[in-house]
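Work the whole structure out from these sequences, hints included.
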Amino acid sequence: MFTPIIDSLFIFSIITPIIGFFTPKKSSCLICGAVSAGGYIISMAYLLHILPQILTGPIRIPMETSAVSTSIMIDVPGSLMSLLALALGLFATIYSMRFMERDSGTPLYYSLLMAMITGIVGVSYSGDLFTLFIFWELMCITSYVLVGFRRNVKESVEAAIKYMLMSGVGSATILFGMSFLYGLTGTLNLPRIASSLRVGGGGPWLYASLGMLITGFGIKAAIVPLHVWLPDAHGTAPSPISAILSGVLIELAVFVICKLLFFIFPAIRISWMEFFAIFAILNMMFGNITALLQNDVKRMLAYSSIA
Numbered sequence: 121m122f123t124p125i126i127d128s129l130f131i132f133s134i135i136t137p138i139i140g141f142f143t144p145k146k147s148s149c150l151i152c153g154a155v156s157a158g159g160y161i162i163s164m165a166y167l168l169h170i171l172p173q174i175l176t177g178p179i180r181i182p183m184e185t186s187a188v189s190t191s192i193m194i195d196v197p198g199s200l201m202s203l204l205a206l207a208l209g210l211f212a213t214i215y216s217m218r219f220m221e222r223d224s225g226t227p228l229y230y231s232l233l234m235a236m237i238t239g240i241v242g243v244s245y246s247g248d249l250f251t252l253f254i255f256w257e258l259m260c261i262t263s264y265v266l267v268g269f270r271r272n273v274k275e276s277v278e279a280a281i282k283y284m285l286m287s288g289v290g291s292a293t294i295l296f297g298m299s300f301l302y303g304l305t306g307t308l309n310l311p312r313i314a315s316s317l318r319v320g321g322g323g324p325w326l327y328a329s330l331g332m333l334i335t336g337f338g339i340k341a342a343i344v345p346l347h348v349w350l351p352d353a354h355g356t357a358p359s360p361i362s363a364i365l366s367g368v369l370i371e372l373a374v375f376v377i378c379k380l381l382f383f384i385f386p387a388i389r390i391s392w393m394e395f396f397a398i399f400a401i402l403n404m405m406f407g408n409i410t411a412l413l414q415n416d417v418k419r420m421l422a423y424s425s426i427a
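Going by our numbering, the final residue of the sequence shown carries number 427, and the count climbs one at a time with no gaps.
It is worth saying that the hints were derived from the structure and are not from the lab. Wrong hints could be hidden among the right ones.
Said to hold, decoys possible - As a list, the in silico DSS-like pairs of lysine-lysine whose alpha-carbon atoms are at most 30 angstroms apart: (1) K145 with K274; (2) K379 with K146; (3) K418 with K274.
Unchecked claim - Pairwise CB distance ranges (calculated): (4) F396 with R218: 37 to 43 angstroms; (5) P324 with F219: 49 to 55 angstroms; (6) I254 with W325: 22 to 28 angstroms; (7) S315 with L200: 23 to 29 angstroms.
Backbone N, C-alpha and C define an ideal beta-carbon position, used for all residues, glycine too.
Laid out in structure tokens, this is it:
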């Protein structure tokens, strides 16, 4: 469908709960965890296999030829982000084999975790805004469920709802920003957007669309003051999920922002580095100072992640 890296994750995320349905409850956590780990290993092996080819230039996999065509672009930055996500997904799965063995519904847990990693890899390799948004929503929806996976813990459910509401606002903002960009340029393909802006310029609607995109992704990146969902979600989620949130999910949002900046901002010659340097300083100061005031280790790590 897309690329073997994504396809194997997608297939294993489907077969893992099916296998769990036919295995004894006592051993389902261990067996499903092993099956899920196999999916990560296959994807990582294929990625490492094609890495020499990626280093010579990006691999583009177009799906259509229309203005709203979907495409996968396997490049070096996306591969580094994908490799990080796959490695963390594998380690989180291995750790979960013991950590989650007393919880019910672990086959679904592994499936959701793999679907979330699939979304992260898909976002990393997206060559257009439509593909990016589809994989982004896959990642978001599965992460909501995983944060509130322990339904009997009130704080966990509350944190998941808070996270979902804030992230939902972010997704709506992203969608508005993308629709503005499409209206201005007639395409969602990133290189075509940049090319169109070089010719036609931007105007106030372009700045509005970029502001929406950066705000929407900034919520997921936990940029101050859009960070308020992370301490609760990080503090109440199962520890393997907290590791994914801090280790790759919020970094992915920063990765997407940088991808948009390098594709779009240079095309219209906006100096954005000073602007983001201010936010970087604010995040570092606020995150580190607030982390020192925390008594709970997981909340402390959440604020450290903000920094």
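Cross-check of the supplied hints:
1. Distance check on the hinted pair: K145 and K274 sit about 25 angstroms apart at the alpha-carbon level, within 30 angstroms; holds.
2. Restraint check for K379 and K146: not satisfied, since their Cα atoms lie roughly 45 angstroms apart, outside the 30 angstroms limit.
3. Simply put, K418 and K274 have alpha-carbon atoms about 17 angstroms apart, close enough for the 30 angstroms limit, and the pair holds.
4. Roughly 41 angstroms separates the CB atoms of F396 and R218, a value that falls within the hinted 37 to 43 angstroms.
5. Checked against the hint of 49 to 55 angstroms, the pair P324 and F219 passes, with Cβ atoms roughly 51 angstroms apart.
6. In this structure the hint that I254 and W325 lie 22 to 28 angstroms apart at CB holds, the actual value being about 24 angstroms.
7. Our hint of 23 to 29 angstroms for S315 and L200 holds, since their Cβ atoms are close to 26 angstroms apart.
In summary, the one numbered hint that this structure violates is 2.
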